[in-house]
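Which chain is which? The protein sequence lines are A and B, in order.
Taking the working numbering as reference, the numbering of the first sequence is continuous, increasing by one, and the terminal residue is 300.
Taking the working numbering as reference, the numbering of the second sequence is continuous, increasing by one, and the terminal residue is 300.
Hints may contain errors.
For identical chains, the list gives no copy identity; a pair is met inside one copy or between any two copies.
[Claimed, not checked] Quick list of in silico lysine to aspartate or glutamate cross-link-like pairs, EDC-like style, CA-CA up to 20 Å: (1) Lys63 <-> Glu138; (2) Lys139 <-> Asp64; (3) Lys63 <-> Asp286; (4) Lys63 <-> Glu117; (5) Lys199 <-> Asp130; (6) Lys253 <-> Glu237; (7) Lys67 <-> Asp130; (8) Lys93 <-> Asp106; (9) Lys199 <-> Glu172; (10) Lys270 <-> Asp100; (11) Lys93 <-> Asp278; (12) Lys199 <-> Glu237.
Since the hints were derived computationally from the structure, they do not count as laboratory data.
Protein chains: 2
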Amino acid sequence: MAAKDQVKALVFDVFGTVVDWRGGSISELTAFGKARGIDRDWAEFADDWRGLYQPSMEEVRSGRRPFTILDTLHRESLEKLLEKYDIKGLPEQDIQHLVSIWHRLPPWPDAVEGLTRLKSRYIIATCSNANIGLAVRMAKHSGLPWDTIVGAEVARAFKPTPQAYLGSAAALNLEPHEVMLVAAHNSDLAAAAKTGFRTAFVARPNEYGPKKVADVAKDHDWDIATDSFNGVADAMGCPRL
Amino acid sequence: MAAKDQVKALVFDVFGTVVDWRGGSISELTAFGKARGIDRDWAEFADDWRGLYQPSMEEVRSGRRPFTILDTLHRESLEKLLEKYDIKGLPEQDIQHLVSIWHRLPPWPDAVEGLTRLKSRYIIATCSNANIGLAVRMAKHSGLPWDTIVGAEVARAFKPTPQAYLGSAAALNLEPHEVMLVAAHNSDLAAAAKTGFRTAFVARPNEYGPKKVADVAKDHDWDIATDSFNGVADAMGCPRL
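With the rest of the complex left out, here is chain A (with noise of 0.2 Å):
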């Protein structure tokens, strides 16, 4: 049966597929910079913190620390970056500001009304690694019409776990077929195909600058393959705004 007539919730990663998190990290750490005087490589420092990302969430999805948030995470990893940079005596709130520099993440252009046009049809909700509290503050700073939150705190599993994709069906009153995940990366495809998900393939290939090097195209036979929101809305049968 075609993914179109089964699927009742499209389902999104959020760090690349929705949002520019590498340029919109490195123009905030940028301004920072400037209006603290500290001159360092930012485009480093944010790829580095990036890097941080997986093996930070691994703590928990090994079992060897309990699930914690990733705005929790992130201030960890930044710690470390800042004493890595030799940047020291930041203030609570210039670390506040740092941390939540992942709430202020700008959507990629087609991102809004795409997904305003999937949410005509379909229940749309975030399934991504980022907490409720901050998905919710991306959302309302840059428009991003969310159903609701699902995801890792949802779940109490990080991506790509299966407890993950389908602990967030699960909240939705749903089956696995009948959720489609959206996502920029193969890998975290192919964990929720594996738990029965539906897949929409969004190639986003500036996700990482002139660094990019993986998932600059499907490695697999998705349901969907494009390279935009509104892509994923054409296939699945969206009217035009």
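Place chain B on chain A using the hints.
Chain B alone, transformed into the frame defined by chain A:
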């Protein structure tokens, strides 16, 4: 400090406060009875169904039963009532239709406008005993513009236990005093206030139809007391649409 200078999120009781559970369920039950040729006192049936609400949650609150979503409790209560009212042999599809009456309850006339005003300045979310899947479907059915769903399923505890409120505030990255509960029931507000929440009472004199005896007025000096969500929006300094 005034509530509106500290509050960052308003969270809402749903049944009775946002939607007219009694009017909505009587109307749907009556239509169902006509379509199936089943003649019963559907107003009494609706009141009986609501009457089983607190006892069903008490099984969980007391620790006798693990956390169970409200859709499941509603179904179990329905099955008891079908027996009591001698309604036999309904197909599974009809039972699911009846359980989902709670997904389609109509909002009070001021609800969508008041919520839309409040959303322009604050995070707005449900803090209800409804599960996420129920609350999302109700929102889509009636255009309730929640930023997200918190409450019982996220906190894994039913109101009025403290964890239902504290877990909801934590999921929004907020301290209890940064969250205001909006409710038509004094007991709900009292339990929230004990955990540190700010409070807004909204009188809903028609909640129980002619049978309304409790909560006709505030029984405590809540931060706000009014009779509509527009009244809450006015008190919280939100511009008119």
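Index of numbered hints that the structure contradicts, given in increasing order: Hints 1, 2, 4 and 11 not satisfied by this model.
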